[in-house]
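> Chain F: place on chain A using the hints.
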Amino acid sequence: QQPVQSPQAVILREGEDAVINCSSSKALYSVHWYRQKHGEAPVFLMILLKGGEQKGHEKISASFNEKKQQSSLYLTASQLSYSGTYFCGTEDFGNEKLTFGTGTRLTIIP
Amino acid sequence: KAGVTQTPRYLIKTRGQQVTLSCSPISGHRSVSWYQQTPGQGLQFLFEYFSETQRNKGNFPGRFSGRQFSNSRSEMNVSTLELGDSALYLCASSRNTGELFFGEGSRLTVL
Chain A
1 QQPVQSPQAV ILREGEDAVI NCSSSKALYS VHWYRQKHGE APVFLMILLK
51 GGEQKGHEKI SASFNEKKQQ SSLYLTASQL SYSGTYFCGT EDFGNEKLTF
101 GTGTRLTIIP
Chain F
1001 KAGVTQTPRY LIKTRGQQVT LSCSPISGHR SVSWYQQTPG QGLQFLFEYF
1051 SETQRNKGNF PGRFSGRQFS NSRSEMNVST LELGDSALYL CASSRNTGEL
1101 FFGEGSRLTV L
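Top line first, the protein sequences correspond to chains A and F.
For the first sequence, our numbering gives the first residue as 1, with consecutive numbering after it.
For the second sequence, our numbering gives the first residue as 1001, with consecutive numbering after it.
If we strip away everything but chain A, and leave its shape as in the complex, we get (with noise of 0.2 angstroms):
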């Protein structure tokens, strides 16, 4: 079962501040964040473990809430290069493969 993302899409300022959520209805061992620029492949930006850890990435970090399987992507003072569809992807316990969420599709304007 996909993970499920909020919001899908968002336009923010240059500057501005974004969150983006990951929710799962299944007890997560982990949570990875990857982002895609429009025609080229998803890369990586960070991996949390159970254990309720943060994690930053320049300016962007994310938290991992192992009780509400829950994980926030952080972008603050977003930048033009911020653009693009940001995927979180699950694993649960018992099971290796990661499963996507279906996208949050971020746009930064001047």
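Quick caveat, the hints were computed from the structure, so don't treat them as lab data.
Even glycine gets a Cβ: it sits at the ideal position worked out from N, Cα and C.
Just to be clear, a hint being listed does not mean it is correct.
[To be verified] Label pairs and their computed distance ranges (CB to CB):
1. F:1062 <-> A:12: 42 to 52 angstroms
2. A:38 <-> F:1030: 25 to 35 angstroms
3. A:16 <-> F:1071: 46 to 56 angstroms
Relative to chain A, chain F alone:
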């Protein structure tokens, strides 16, 4: 370090035909996963191979099959193509689990 290479990049087939897509993983990566990407559906997991063995399989019909060779290169095959099989097929490699490195995909159009 060369990335994941997928061939062909584009192809057009007609209903009922079959197609074989190829994926060369990053050197040293033993795991290869395949995903189908369509608008609105995101990335749908097809299967994963590790050391020539299928380790996981998604919910696709038996028309979709794959294999992995001893050099970790992988192929996927779709038989009796249907219009709904039109999609971008992405291959990703990894060392075992963890970060996936995606290829640019093979875009299949079924007429």
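> Enumerate the violated hints, using their earlier numbering and listing them in ascending order.
none
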